[in-house]
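J.: Generate the whole structure from the sequences, applying the supplied hints.
Here are the chains, one letter per residue:
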Amino acid sequence: MAPGPGPSAVKPRSQRAADAHPPSTPHPGGPFRREFWRSPLRGPWLTSFLGTLLLPTVSVIALTGFISHWAYRPQLPGNATVNPSYDLPVLIQLPQSWPSWDYAVTQGVHVTLGLMAIPLVAAKLWSVIPRLFTWPPARNLAGLIERGSMLLLVGSLLVEIVTGTLWVQDYFPLKVDFYPVHYYGAWVFGTMFVLHACVKLPVVRRAYRARGVLAPLRQSLADTTPEPPGASELAPVDPAAPTLSRRGLLAMIGGASLTVFAVQAGESIGGPFRRFALLAPRGRVFGTGANAFQVNHTAAAAGVTRAINNLAWRLTVAGGRTLTLSRAQLLAMGQATETLTISCTEGWSTTQHWTGVRLVDLAGLADVPAGAILHAASLQDGGPNAHASIGYEQWSDPRALLALRVNGEELAPDHGYPARVILSGVPGLYNTKWVRELRFEAA
Amino acid sequence: MSTRTRFTLRRRRYGASPWHLAGHVVALAVAAFALDRIASMDSLAAIIALYVGVVIGHDLILLPAYSGLDRLASAALARRRSKDRAALPAINHLRAPALISGLLLLIYAPLISGRADRGYLLLSGHHATGYLRNWLLISAGLFLGSGLIYALRVRRAAARRT
Numbered sequence: 001m002a003p004g005p006g007p008s009a010v011k012p013r014s015q016r017a018a019d020a021h022p023p024s025t026p027h028p029g030g031p032f033r034r035e036f037w038r039s040p041l042r043g044p045w046l047t048s049f050l051g052t053l054l055l056p057t058v059s060v061i062a063l064t065g066f067i068s069h070w071a072y073r074p075q076l077p078g079n080a081t082v083n084p085s086y087d088l089p090v091l092i093q094l095p096q097s098w099p100s101w102d103y104a105v106t107q108g109v110h111v112t113l114g115l116m117a118i119p120l121v122a123a124k125l126w127s128v129i130p131r132l133f134t135w136p137p138a139r140n141l142a143g144l145i146e147r148g149s150m151l152l153l154v155g156s157l158l159v160e161i162v163t164g165t166l167w168v169q170d171y172f173p174l175k176v177d178f179y180p181v182h183y184y185g186a187w188v189f190g191t192m193f194v195l196h197a198c199v200k201l202p203v204v205r206r207a208y209r210a211r212g213v214l215a216p217l218r219q220s221l222a223d224t225t226p227e228p229p230g231a232s233e234l235a236p237v238d239p240a241a242p243t244l245s246r247r248g249l250l251a252m253i254g255g256a257s258l259t260v261f262a263v264q265a266g267e268s269i270g271g272p273f274r275r276f277a278l279l280a281p282r283g284r285v286f287g288t289g290a291n292a293f294q295v296n297h298t299a300a301a302a303g304v305t306r307a308i309n310n311l312a313w314r315l316t317v318a319g320g321r322t323l324t325l326s327r328a329q330l331l332a333m334g335q336a337t338e339t340l341t342i343s344c345t346e347g348w349s350t351t352q353h354w355t356g357v358r359l360v361d362l363a364g365l366a367d368v369p370a371g372a373i374l375h376a377a378s379l380q381d382g383g384p385n386a387h388a389s390i391g392y393e394q395w396s397d398p399r400a401l402l403a404l405r406v407n408g409e410e411l412a413p414d415h416g417y418p419a420r421v422i423l424s425g426v427p428g429l430y431n432t433k434w435v436r437e438l439r440f441e442a443a
Numbered sequence: 444m445s446t447r448t449r450f451t452l453r454r455r456r457y458g459a460s461p462w463h464l465a466g467h468v469v470a471l472a473v474a475a476f477a478l479d480r481i482a483s484m485d486s487l488a489a490i491i492a493l494y495v496g497v498v499i500g501h502d503l504i505l506l507p508a509y510s511g512l513d514r515l516a517s518a519a520l521a522r523r524r525s526k527d528r529a530a531l532p533a534i535n536h537l538r539a540p541a542l543i544s545g546l547l548l549l550i551y552a553p554l555i556s557g558r559a560d561r562g563y564l565l566l567s568g569h570h571a572t573g574y575l576r577n578w579l580l581i582s583a584g585l586f587l588g589s590g591l592i593y594a595l596r597v598r599r600a601a602a603r604r605t
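Residue numbers (the working numbering), protein chains in the order written: chain A, 1 to 443; chain B, 444 to 605.
No lab work stands behind these hints, which were simulated from the structure alone.
This structure is a prediction, so every number in the text was calculated from the model and none was measured.
C-beta: ideal position from N, C-alpha, C; glycine also.
Among the hints, a few may not be true.
Pairwise CB distance ranges, derived in the manner of DEER restraints [said to hold, decoys possible]:
1) D223/A / G545/B: 26 to 32 Å
2) G230/A / L564/B: 57 to 63 Å
3) P272/A / L587/B: 22 to 28 Å
T.: Listed below in structure tokens is the structure:
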């Protein structure tokens with residue numbers, strides 16, 4: 001890229017083009033010409049400001065994402081979604097003493113903020129699009145490496161958005177597995193994002209020193225002037241007349257984010273807000289009965305419809321000794337009622353009143369040693385929800401139940417009849433439904 | 444040759460500071476490890492296709508498409524305005540609802556189009572109905588609200604002139 005003319009250089013368009021591209025270098029023209037990009041809003045200040053907004057947004061989305069990954073307790077047998085020998089150690093775990101909706105909050109933030117960030121990301125990419133068409137593509141090795149890293153940065157960012165957005169809508173037509181792509185994609189994006197922030201920090205400081213951090217936001221449309229073309233190759237050399245102020249652009253981005261919040265967040269907040277989540281995948285209320293709340297896997301989809309209605313169903317509880325309990329025997333035991341939240345990794349959650357036998361009581365009957373891990377097995381044959389390893393501090397939490405009833409009625413087949421596990425503050429899939437066996441094993 | 448001169452020479456040949464090189468080497472190594480982990484579970488070709496596909500999809504299809512639409516709408520409104528110099532610019536009253544409506548369509552396309560229905564039914568026990576209707580209603584509300592604000596502004600401007 002030839003250096004652009006200075007701020008004072010106002011020449012006829014034809015001559016400027018000739019200056020920038022001497023006839024000796026073949027030039028593809030079109031968007032590769034700097035004059036092609038005419039928006040008066042593009043420039044280093046706008047890109048810096050959008051980047052500054054993205055920094056905390058992306059940090060929160062990444063942090064809540066990793067919290068979710070670690071909430072799966074990948075250190076317990078069979079729980080890991082990726083090979084644990086190639087994974088980071090568990091660094092943050094939500095404390096077991098926290099309210100049962102803690103994971104609902106972190107995962108709701110992850111999904112909702114992730115979707116709300118899309119207009120901000122789009123604006124950031126729009127502000128730097130002229131760079132994609134820089135000609136020549138790189139002037140030296142540093143430039144070439146930077147372009148490669150940019151492909152990874154933008155590619156991984158878009159991959160995270162696309163895979164996440166499809167996944168939360170129960171629609172994943174891509175020919176890849178969601179977990180490794182989304183999880184290791186976060187590694188790629190996180191690394192390239194930190195690098196990008198470090199490389200661009202001087203550029204951001206220069207832009208803020210030249211124009212002020214917030215000063216451009218005080219300009220009305222009439223006062224909106226383009227950034228000088230000498231400031232950076234992002235600024236236009238042949239700007240069109242502004243039709244939108246910079247604060248107007250940011251208001252549109254903010255308005256778009258708030259609209260996404262309005263149509264989405266109710267599926268995570270729940271209660272009366274669910275009805276207002278007009279486009280959220282799980283923003284529906286189906287009927288009014290005790291069991292009329294959202295389901296993750298139906299009994300039909302899990303293929304357990306016949307098995308759960310078998311009167312010969314018995315629960316096996318294995319510890320120091322093994323018990324076999326019928327549903328009548330379980331109902332005759334001391335019952336406890338707890339208000340616990342099911343929070344799906346897809347971001348939606350639902351809080352209900354569950355009644356059943358405390359898992360600590362069942363463990364006591366089976367002479368389970370302290371510190372044991374609980375392996376819950378479902379009548380379901382396969383799939384990620386058929387088995388779960390549950391840590392000692394999770395099942396020994398007095399709120400943890402083998403639920404038989406919900407909101408004062410029998411569990412519906414879709415909610416896990418004859419019995420399901422309900423824990424505090426875990427990804428929903430650990431609340432094993434249609435339980436056939438609870439096996440406690442020394443860790 | 445002093446160390447400093449050699450340093451500067453190398454820097455000139457590479458094009459940036461040694462910190463730039465070191466940072467990129469470390470970051471690219473982590474990224475290569477992560478991509479290798481994905482490739483070990485999925486096919487490498489699928490990963491590359493996905494990464495290149497999303498970049499092409501955004502940079503060469505989506506962005507030019509919405510920029511083109513914006514340019515068309517701006518030109519059409521500017522022509523109308525050139526006939527009536529006193530008219531208030533309407534473009535942002537079109538841009539804002541179009542941006543939000545388009546964004547919602549883009550995000551919730553699987554549900555709005557009904558493509559997600561099969562998986563949705565299996566997992567939730569219900570058909571994914573009503574999403575198209577809700578999106579149309581929200582979009583209509585946005586365009587209507589924006590148009591109303593424009594009409595109010597036009598009336599206020601006319602009142603100020605008389």
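J.: Taking the Cβ atom of D223/A and the Cβ atom of G545/B, is their distance within the range 26 to 32 Å?
T.: 29 Å, holds
J.: Given a hint of 57 to 63 Å, does the C-beta separation of G230/A and L564/B actually sit inside it?
T.: Holds: the Cβ-Cβ distance is about 58 Å, inside 57 to 63 Å.
J.: CB of P272/A to CB of L587/B, is that within 22 to 28 Å?
T.: At 26 Å between Cβs, range holds.
Of the numbered hints given earlier, the model fails none.
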